[in-house]
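The lines below spell out each chain.
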Amino acid sequence: MTDPDLVSRYNYDEFTPEKFIPWMKFDASPPLGEGAPDFPLWDLEGNETSMGACWSENLYTIVEFGSFT
Amino acid sequence: MNDLAQLHKDANVGSIFVYTHEAHPGENFSHLTSMEQKQSHAHALRDELEVTRPILLDSLDGACHRAYGSMPNMTWIFTRAGIPVYKSDWTDCKSVANAIEYFLDGVKRRKDGMRLAPFRVERLDFRTQDREAFYKGLERNGPKAVEEFKAAFGS
Chain A
72 MTDPDLVSRY NYDEFTPEKF IPWMKFDASP PLGEGAPDFP LWDLEGNETS
122 MGACWSENLY TIVEFGSFT
Chain B
2 MNDLAQLHKD ANVGSIFVYT HEAHPGENFS HLTSMEQKQS HAHALRDELE
52 VTRPILLDSL DGACHRAYGS MPNMTWIFTR AGIPVYKSDW TDCKSVANAI
102 EYFLDGVKRR KDGMRLAPFR VERLDFRTQD REAFYKGLER NGPKAVEEFK
152 AAFGS
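Protein chains in written order, with our numbering: chain A, 72 to 140; chain B, 2 to 156.
Keep in mind the hints are simulated off the structure, nothing from the lab. Each hint can be trusted.
With a Cα cut of at most 20 Å, we get these calculated DMTMM-like pairs of lysine to aspartate or glutamate:
(1) B/K137 <-> B/E28
(2) B/K145 <-> B/E28
(3) B/K151 <-> A/E85
(4) A/K96 <-> B/D90
(5) A/K90 <-> B/E28
(6) B/K137 <-> B/D48
(7) B/K137 <-> B/E51
(8) B/K10 <-> A/E128
(9) A/K90 <-> B/E148
(10) B/K151 <-> A/E89
(11) B/K137 <-> A/E85
(12) A/K90 <-> B/D62
(13) A/K96 <-> B/D126
(14) A/K96 <-> B/D62
(15) B/K145 <-> A/D84
(16) B/K145 <-> A/E89
(17) A/K96 <-> B/E123
(18) B/K151 <-> B/E28
(19) B/K151 <-> A/D84
(20) A/K90 <-> B/D90
(21) B/K151 <-> B/D131
(22) B/K145 <-> A/E85
With the rest of the complex left out, here is chain A (with noise of 0.2 Å):
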């Protein structure tokens, strides 16, 4: 079950560093060189796939993270 308070904070509703610091949290991503976790996205039409679906097909896969903001 999602989190509802895990939801807000993440979204969060301003742009000031109290909100937006405590993602920015690169240096515990996952190392290189060993099996990265998968998880399920959706495609613009609400059909889901995941990340694994998308490496899979491919013999290396770029996938840049961003928003419209």
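Following the hints, put chain B in place on chain A, whose structure we already have.
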């Protein structure tokens, strides 16, 4: 990054864009409260900002994004087996292109009979800083996005 995706697609290099939370919410593109809204914003990314790569939405709680370090615009490269071989805490097309070209050259070297073993390397790359374009982007999000960025970092 769109052009890079096109350049190497015939070499079996895929490219996707994972949609995260809104880094700089504003009046025109507010913080996300539903997957429907996230879908709408992702459509705008495709239609207004012309991202031509497949756009895939992370869950509303950002599970994938958070697991990978939750930076606003990072890029990772994975092998077919799901092994990350490149990660950058921001996105610079030249840096990603340089990495992909190196990895594809490694494939060629193996095909030529060379025995290769992986090793880790750290490097400090550079990304372009176009303040004018960045502020135009914030203005597109709404005046609140501009004011909050200025308050956080100064003009």
